[in-house]
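Produce the entire structure from the sequences given, and follow the hints as far as they go.
There are 2 protein chains.
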Amino acid sequence: MTQLASSRAYSRGDVERVVRDVLVKHFAWAGGARSKPNPLVVNISARHVHLSPEHLEVLFGKGAQLEVQKELYQTGFFAAKQTVAVVGPRRKILPEVRVLGPCRGASQVELAFTDGISLGIELPVRCSGVHHDTPGAVLVGPKGVVELTAGVIRAERHVHMGPADLEYYGVKDGERMHLRVESRGCTTVFEDLLIRAGKNIKLEVHLDTDEGNAVNLERATRVDLVKPEPCACRHQ
Amino acid sequence: MTQLASSRAYSRGDVERVVRDVLVKHFAWAGGARSKPNPLVVNISARHVHLSPEHLEVLFGKGAQLEVQKELYQTGFFAAKQTVAVVGPRRKILPEVRVLGPCRGASQVELAFTDGISLGIELPVRCSGVHHDTPGAVLVGPKGVVELTAGVIRAERHVHMGPADLEYYGVKDGERMHLRVESRGCTTVFEDLLIRAGKNIKLEVHLDTDEGNAVNLERATRVDLVKPEPCACRHQ
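If you're matching them up, the sequences are chains A and B in order.
Numbering of the first sequence is given in the numbering used here, commencing with residue 6 and proceeding in unit increments.
Numbering of the second sequence is given in the numbering used here, commencing with residue 6 and proceeding in unit increments.
Pairs involving identical chains hold if they fit within one copy or between any two copies, as the list cannot separate such chains.
Lysine to any residue pairs mimicking SDA-like chemistry, simulated, CA-CA at most 20 angstroms apart:
(1) K232 - G190
(2) K232 - E161
(3) K177 - G190
(4) K232 - V194
If you're looking for bench data, these hints aren't it; they were derived computationally from the structure.
The following block contains the structure:
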């Protein structure tokens, strides 16, 4: 459209719009008016297990409590000292899978695709907590065994957001955004991260280890959340 | 620019351009005028080793020849029956890494990032054959040991193209394209695949296992090569 635009005189409205665009860009770059309310943190969720209180007692004994090994980035959540073995259908085993706390209503095993291959389980990509038509596995703890009939998933990549983040990016809970990761030789756009928003939630993207390794996340030079909108010119 | 465009009368040239665009899109979708000369094949390169003729003899004995286990998609290339052990700096080991044939001028070990973590080697992303400032490793075969001082890399993702593919996509050898992989819950755009063109080369993208697992390549529903051009409206 360059030729069309340049062959006509600009109106006062056109000029105002251009000036406004330039100012908005300037302030955004200078960390001014439109700067982010929170830093964008991208973390890898290594394979882990969530347990129901009942399963915790079966695996670790009557009255067992999860003990904090390390606080996670989201307030109130932690990696526990406890681990369990996850056993697949052909008796392949992941011997030490970390339990995350606190306990939940239903137990869930979150694995990367590579883990699924080594266990012999075809993993469905699911939002946390959505267990219909998902495979199970056997969990083995020091005091007992639990046979899960469902709940083994590859967690769908997602971004946690608080109210200020929703406003800044102009999105709503349950919508989706893309994550672009700049990394030497392996720059990648992960499309359609699910937005999971809550009042006291910190801005944080969760990828799995396959995704993190595909982009060498530790050495990434830039990360951006991008709203999945077609360029304006496509609407013409 | 929608408003600007709609507030003026269309010239004959504008209308012709719109009609041409619609026809081109129609024929592309219908597999007509602009259909691909070759199917887009995306393969995962699992970890492997290339050997120089000298190193082949050290590892497998005087006069050793690579034997074909399986032909690869590109004519003349093959996975050999031979494997070697790759030993990292802390004596961590990958016990059976496949050798690819035929032999090359310089030996090279191509690993996924995940392999690098298990070996304790920080892998640089490199185009095949570019070995300056790359780490080495020890190769162990049934008849001997080779200490590589360089040549251990994560191969830069790339696309092989023949002349008809270059023409179809409007690109040149050494340029870059994006690969978009549609896959349930893990659709991803891998940016900047290096184009490696040659006369008798088949159209084929090579990803590593981390990239392939990140998108569950086996279950992918669509793959597209995309020319990395900013949308036309960005130029205004």
